[in-house]
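Engineer: Heads up: the sequence lines are chains A and B, in that order. When you read off a place in the first sequence, starting at 1, and then add 16, the result is the number in the numbering used here. When you read off a place in the second sequence, starting at 1, and then add 16, the result is the number in the numbering used here.
Simulated from the structure, these hints should not be mistaken for lab results. Bear in mind that the values here come from a model prediction, so they are computed numbers and not experimental data.
Among the chain B residues that face chain A by a calculated CB cut under 7 Å, a handful are: (1) Asn116; (2) Asp143; (3) Pro321.
Ideal Cβ placement from N, Cα and C applies to all residues, glycine included.
2 protein chains.
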Amino acid sequence: MPPEDFGFGTQIRKSPYFDATVRWGARAFSVYNHMYIPRDFGDPEENFWNLVHHAILCDVAVERQVEITGPDAARFTQLLTPRDLSKMQVGQCKYVLLTNAEGGVLNDPILLKLAEDHFWLSLADSDILLWAQGVAVHSGYEVNLREPDVSPLQLQGPRSAEIMVELFGEGIMDLRYYRLRECELEGIPLVVSRTGWSSERGYEIYLRDSAYGDTLWERIMEAGRPFGLRPGHTSTIRRLEGGMLSYQADADIHTNPFELGMDRLVNLDGDYEFIGKAALRRIREEGVRRRQVGLVIGGERLRGPNTTFWPVWQGGRELGQVTSAVYSPRLEQNIALALVATAGTALGTELEVVTPGGARPATVVERPFFDPNKKLASA
Amino acid sequence: MPPEDFGFGTQIRKSPYFDATVRWGARAFSVYNHMYIPRDFGDPEENFWNLVHHAILCDVAVERQVEITGPDAARFTQLLTPRDLSKMQVGQCKYVLLTNAEGGVLNDPILLKLAEDHFWLSLADSDILLWAQGVAVHSGYEVNLREPDVSPLQLQGPRSAEIMVELFGEGIMDLRYYRLRECELEGIPLVVSRTGWSSERGYEIYLRDSAYGDTLWERIMEAGRPFGLRPGHTSTIRRLEGGMLSYQADADIHTNPFELGMDRLVNLDGDYEFIGKAALRRIREEGVRRRQVGLVIGGERLRGPNTTFWPVWQGGRELGQVTSAVYSPRLEQNIALALVATAGTALGTELEVVTPGGARPATVVERPFFDPNKKLASA
Chain A
17 MPPEDFGFGT QIRKSPYFDA TVRWGARAFS VYNHMYIPRD FGDPEENFWN
67 LVHHAILCDV AVERQVEITG PDAARFTQLL TPRDLSKMQV GQCKYVLLTN
117 AEGGVLNDPI LLKLAEDHFW LSLADSDILL WAQGVAVHSG YEVNLREPDV
167 SPLQLQGPRS AEIMVELFGE GIMDLRYYRL RECELEGIPL VVSRTGWSSE
217 RGYEIYLRDS AYGDTLWERI MEAGRPFGLR PGHTSTIRRL EGGMLSYQAD
267 ADIHTNPFEL GMDRLVNLDG DYEFIGKAAL RRIREEGVRR RQVGLVIGGE
317 RLRGPNTTFW PVWQGGRELG QVTSAVYSPR LEQNIALALV ATAGTALGTE
367 LEVVTPGGAR PATVVERPFF DPNKKLASA
Chain B
17 MPPEDFGFGT QIRKSPYFDA TVRWGARAFS VYNHMYIPRD FGDPEENFWN
67 LVHHAILCDV AVERQVEITG PDAARFTQLL TPRDLSKMQV GQCKYVLLTN
117 AEGGVLNDPI LLKLAEDHFW LSLADSDILL WAQGVAVHSG YEVNLREPDV
167 SPLQLQGPRS AEIMVELFGE GIMDLRYYRL RECELEGIPL VVSRTGWSSE
217 RGYEIYLRDS AYGDTLWERI MEAGRPFGLR PGHTSTIRRL EGGMLSYQAD
267 ADIHTNPFEL GMDRLVNLDG DYEFIGKAAL RRIREEGVRR RQVGLVIGGE
317 RLRGPNTTFW PVWQGGRELG QVTSAVYSPR LEQNIALALV ATAGTALGTE
367 LEVVTPGGAR PATVVERPFF DPNKKLASA
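Bound conformation, chain A alone (with noise of 0.2 Å):
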């Protein structure tokens, strides 16, 4: 199907992988960040299976970068986010997430520490471009903010580092978790990092210039046939295993680091300032009225992820709302996150969930759901 078929416009970017994606069979698109994103190669389950078998190569384009540089690029970077960054090292990424004055999440993306004075911020759904150019406007800080041509791709899976090795030779075993590299592949200009929104073994690849773009797809495909390597998506199943969230479902700008468990992401006794501090404190203080939880759903397999905000009762008290649902066919289980208030999240709490079928009995689990690699989760 030629891409005129879909009915795109041009008011939506497309990714320099888009025409490789709908060759390789990309049935459907969401959108992202103003850009197209395929999430439909058929069936998701046979996704999530070549993701925890194999590998997928996934178009990520969409994770937009915002790219921080300039005398003050260290400084200015450090007030985005609650996160310490004192000890940051070149080469090194980093989960964070940036918080406005109220302490909301407005975006929970991957910083990459490129040079002491070049950072790229690798975006969940949130234009964050717009949101530090307007804090650079008074801040005195001598930044330049801009989105540079970047594009990532997901290489995902128990088999993604044979590829890498296959694509990039032995050297690239050397890239520790959550490092980067910048290298060529037969002169195309990447940054490689070891990282990933699947909870599996994986690499980003951030192409760097956005004419190499289908050169570069064929070529990883070409790399990974002998190791199974599929064409994929970004899997709700896989991501909701590994108790990961995905930011306007999960998180919005109302939803504070504390609700969501992220403690760890959050340093209110550094002697630097951030955007937020004040309210961070305060929230810590008086502490929080919700919070994130894993539930299990009972009842029959869900038939696909949910598609509305689910309702979560408990002895008749509406307590919040199921953000992310779906049926993992490994655990064999409806698995979930909800936020809920903080009276119904003690593991093991009983509650009931409002789903379009019904209501439905749920319990209250330790997150992740799945974790074969501990020492993943705490990167």
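Guided by the hints, dock chain B onto chain A, whose structure is given.
Structural biologist: Frame of chain A; chain B shown alone:
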């Protein structure tokens, strides 16, 4: 078809009119400001004729509002736009551009002044709440910035006035172009304005309590039945006939107001500050290198809107890109907006447009392509 079958997730927000639009025949949706917007009720030409002959009701809740209140609300709002707001009255609306420090356009919202210290920005597709909150951080201005519970509908077309009388009584005929009024409809709290994104006579109806989404939609459809009101969507054909721009397609952060020919929306000589003033002064002095033009494109009728940016050539040299193109069944012409190097922008210039189906001749023409009512364009 129940909403579940569309495969919608919770990561993209649903409008309070979502269920109503599905019930009334919405077949496909796009995404705008992180929300679903119905973009297909069948034939887009039928939607166009419904709009120009009768009236259509469109869910434009995606025009998410940024509310600016507080003691410095007026000064802060002026800081965000190059348009002179000093004479803006309570009850007035203005089409404004928002610019960053480089003079790039971040959005082209409708600004509504509800009180001396109470403004709404009714947005095109970018996260201006984040921009505004970022600007506020170090600005020293005392403002509150949030998204209120407000969801606009557009009632557009020549019969819209009669439908409004049916709903609100004869008094609504006093509402002038680009004026707003706070009112109620059978207890439903609303703001009504004589604005819209159609180039036809029309109204926007801002629902102030999302719980009434379904009720309001049904009430308006019922009142409109004798006047031929149909459910619809913003019409690419009609907005292009009117030469109206679609943000992210025809302009983005790298486009400045002068390139768009929107000099009338930029006041560089006032004694107030706004973000981008110095940059826009420099651009005005140096002159722009490209300009938006209207094109009539030859050859057979286009099947649908362009799905990619089409290169524009002259004498073997690439001069720019077609940003939006469509066939107008009323004008019986292919019409387009393009950003072209100034050398190719004089009326009557002959250019070449490279479509996926091959090169076609094109001529630079005046915008709007169709304007039955010149006074509407001047507000």
